[in-house]
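Visitor: If you want the building blocks of each chain, they are given just below.
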Amino acid sequence: MSLLVNLVLLFFLLVMALAVLKTKHLFAMAMLFGLYSLLVAGLFVVLDAPDVAFTEAAVGTGISTVLMLVTLASIRDGHEATTHGKYRVAPLVICIFMGGLLIFGTHDIAELGDANSAPNREVAARYIEKGQSETGVPNLVTAVLASYRGFDTLGEVTVVLTAGIGVLLLLGKRKKIHVKTSGGGNGK
Amino acid sequence: MTLYFLIAAIAIMFTMALALCRALLGPSVFDRILAVNMFGTKAVLLVAIFAFFSGRHDLLDIALLYSLLNFVGVIAALRLVERGKFFANNKGHSVKMEDE
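If you read the protein sequences in the order shown, they are chains A and B. Numbering of the first sequence is given in our numbering, commencing with residue 622 and proceeding in unit increments. Numbering of the second sequence is given in our numbering, commencing with residue 2 and proceeding in unit increments.
If you're looking for bench data, these hints aren't it; they were derived computationally from the structure. A couple of the hints might just be wrong.
Reference listing, derived: stretches of chain B covered by chain A, where coverage requires no fewer than 3 residues with Cβ under 8 Å from a Cβ of chain A [said to hold, decoys possible]:
1. 8-19
2. 40-46
3. 53-63
4. 66-72
A few chain A positions that, by computed beta-carbon distances, are all more than 12 Å from chain B [what the hints assert, rightly or not]:
5. Phe632
6. Ala678
7. Gly683
8. Met719
9. Arg747
10. Ala767
11. Ile786
Yeah, the Cβ is synthetic: ideal placement off N, Cα and C, and Gly gets one too.
Using the sequences plus the hints, can you model the full thing?
Guide: Structure representation (structure tokens):
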């Protein structure tokens, strides 16, 4: 059953991705993006990663859909995407190259649910056995996230901070600057 | 018991496919919003069925989260349609938004 659900969800994902490419209404595009992340989150559930599914659902379906819709509400014109009908070669080549690299990279990843793979056999055991003495953090999850993968987490935090600042700059109302001058000066 | 879960899952996925068709084809914007809402509801049901099928009842929390987010998303979309009259260009474009 898990295989069937996987296949159907992946097929829906493919349809959705093609539809996002084809559609011209930005509103429909935003809604389809919401559906897309909902499907991805469903796939994460089937892959037995509920924490990732939580994050994906909250960020992808919730916040980013709302943000896209708010952006759409803020722009006056251009609720339709315009394309010129010309296909550019260089982005296509870059995309295919990157996709090929990613697919090539998957050959090194352990099989899903393989109990003999290195992450399941050695890495987790080492975290559990030596995590406390090596890092001195009582919580094991915190030890992995903040100590073993510290640079990873730092990068993520930087990305989130930058994105937050960007959104705030985009959404923040430009207030008029009032300079009150008291007295005889002719202020602006 | 697995057979029942399988039948229910297939039925739900079929409904998802129908809702997806409506979301892609849907002539008016309200069709799309309704289809997205329905798709989200079916995703909640699918996750719930999968939770009972795999015996991990904590996955039900995710189903609850989905329904909550689905609600928020639909409300946001409807707000946009409502305010679109004032924000979009003057042709009442975002209210009708027919496919060409």
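Visitor: If a hint holds in the structure, say so; if it doesn't, say that too.
Guide: Against the structure, the hints come out as follows:
1. 8-19: Answer holds; 5 residues pass the 8 Å Cβ test.
2. 40-46: holds (count 3)
3. 53-63: It holds: at least three residues are needed, and the region 53-63 of chain B offers 7 whose Cβ sits within less than 8 Å of chain A.
4. 66-72: Coverage by chain A holds here, the residue count being 4 at a Cβ distance below 8 Å.
5. Phe632: At roughly 9 Å from the nearest Cβ of chain B, Phe632/A sits no farther out than 12 Å, so the non-interface label is violated.
6. Ala678: 6 Å, violated
7. Gly683: 4 Å, violated
8. Met719: 27 Å, holds
9. Arg747: 26 Å, holds
10. Ala767: Since the minimum Cβ distance to chain B is about 25 Å, Ala767/A lies beyond 12 Å and the statement holds.
11. Ile786: Ile786/A is indeed farther than 12 Å from all Cβ atoms of chain B, at 22 Å.
Going down the numbered hints, you'll see the structure goes against 5, 6 and 7, while the others check out.
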